[in-house]
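Trainee: Sequence:
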Amino acid sequence: MPAGDNLGEGPQRRRAWAGVLRSVVLPLGILAVILGGLWYWDSRGDGGTVADDERFGTVELPTDKNPTGKPPVTQVGRAAPDFLLETPKGGTLRLSDLQGQPVVVNFWASWCPPCRAEMPELVAAYERYQNQGLVIVGINLQEPDDTVLDFAEEFGIDFPLVIDRDGELADVWRLGGPIQGIPTSYFIDGTGVIRDLYYGPMTEKTLEERLAKILPEEPG
Numbered sequence: 025m026p027a028g029d030n031l032g033e034g035p036q037r038r039r040a041w042a043g044v045l046r047s048v049v050l051p052l053g054i055l056a057v058i059l060g061g062l063w064y065w066d067s068r069g070d071g072g073t074v075a076d077d078e079r080f081g082t083v084e085l086p087t088d089k090n091p092t093g094k095p096p097v098t099q100v101g102r103a104a105p106d107f108l109l110e111t112p113k114g115g116t117l118r119l120s121d122l123q124g125q126p127v128v129v130n131f132w133a134s135w136c137p138p139c140r141a142e143m144p145e146l147v148a149a150y151e152r153y154q155n156q157g158l159v160i161v162g163i164n165l166q167e168p169d170d171t172v173l174d175f176a177e178e179f180g181i182d183f184p185l186v187i188d189r190d191g192e193l194a195d196v197w198r199l200g201g202p203i204q205g206i207p208t209s210y211f212i213d214g215t216g217v218i219r220d221l222y223y224g225p226m227t228e229k230t231l232e233e234r235l236a237k238i239l240p241e242e243p244g
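Heads up: the sequence shown at position 32 corresponds to 56 in the numbering used here, and the numbers run straight through without jumps.
Treat each hint with caution, since some may be false.
[What the hints assert, rightly or not] Pairwise CB distance ranges (calculated):
id: 1; residue 1: Gly101; residue 2: Glu241; range: 30 to 36 Å
id: 2; residue 1: Leu173; residue 2: Thr215; range: 20 to 26 Å
id: 3; residue 1: Glu192; residue 2: Gly114; range: 18 to 24 Å
id: 4; residue 1: Glu151; residue 2: Thr111; range: 17 to 23 Å
id: 5; residue 1: Thr116; residue 2: Gly157; range: 17 to 23 Å
id: 6; residue 1: Glu192; residue 2: Asn155; range: 31 to 37 Å
id: 7; residue 1: Gly214; residue 2: Pro144; range: 21 to 27 Å
id: 8; residue 1: Gly114; residue 2: Lys229; range: 19 to 25 Å
Calculated directly from the structure, the hints in this document are not laboratory data.
Think of the CB as a built atom: it goes at the ideal place given N, C-alpha and C, for glycine as much as any other residue.
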């Protein structure tokens with residue numbers, strides 16, 4: 025074998041292995057980010073188990089976190105817990121001030137790929153139904169004001185965005201109910217009662233089916 029062939033074999037082989045590693049490691053890294061976003065809350069501590077269908081059921085809390093055994097406060101059919109949160113522009117929003125209107129409460133973060141995937145559907149739904157009184161409240165998880173504002177500009181978001189700065193609200197809604205990851209959306213009717221919830225990114229069909237449970241009927 026000519027000497028020149030041996031000299032070139034090492035670099036060629038290293039380049040080939042580098043290509044293989046890139047093709048394997050990068051997809052695994054992307055998958056890890058997606059799973060990490062969707063199941064973020066499970067990594068924060070004991071969360072109990074999910075009853076019935078894992079997407080639509082309720083969380084049965086460990087006894088040390090729910091010693092009374094009472095139903096979760098964010099259970100479908102119960103009133104949504106009130107909150108007062110700051111907007112990224114320095115204002116505030118209180119959930120109870122929206123009484124009388126259908127509301128979607130959506131927990132999200134800019135680093136969460138599933139949250140980014142579903143955001144265009146929420147933006148489109150708000151444009152379609154705001155004339156029927158629909159309000160979507162996007163609750164960001166502990167990110168800086170500028171990050172939230174940049175996200176709003178990127179996706180053309182016109183509905184209210186607020187920030188859970190210390191994570192307390194997400195903990196309250198999680199410990200009191202079924203929130204297991206982000207994005208998670210709660211569908212609240214005009215009386216303030218939770219009528220449905222959804223874990224994970226929503227398609228247009230998924231979103232429409234749940235909005236039908238809280239939107240007022242149009243005059244015939």
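Trainee: What hints, given by number in increasing order, does this structure fail?
Mentor: 1, 2, 8
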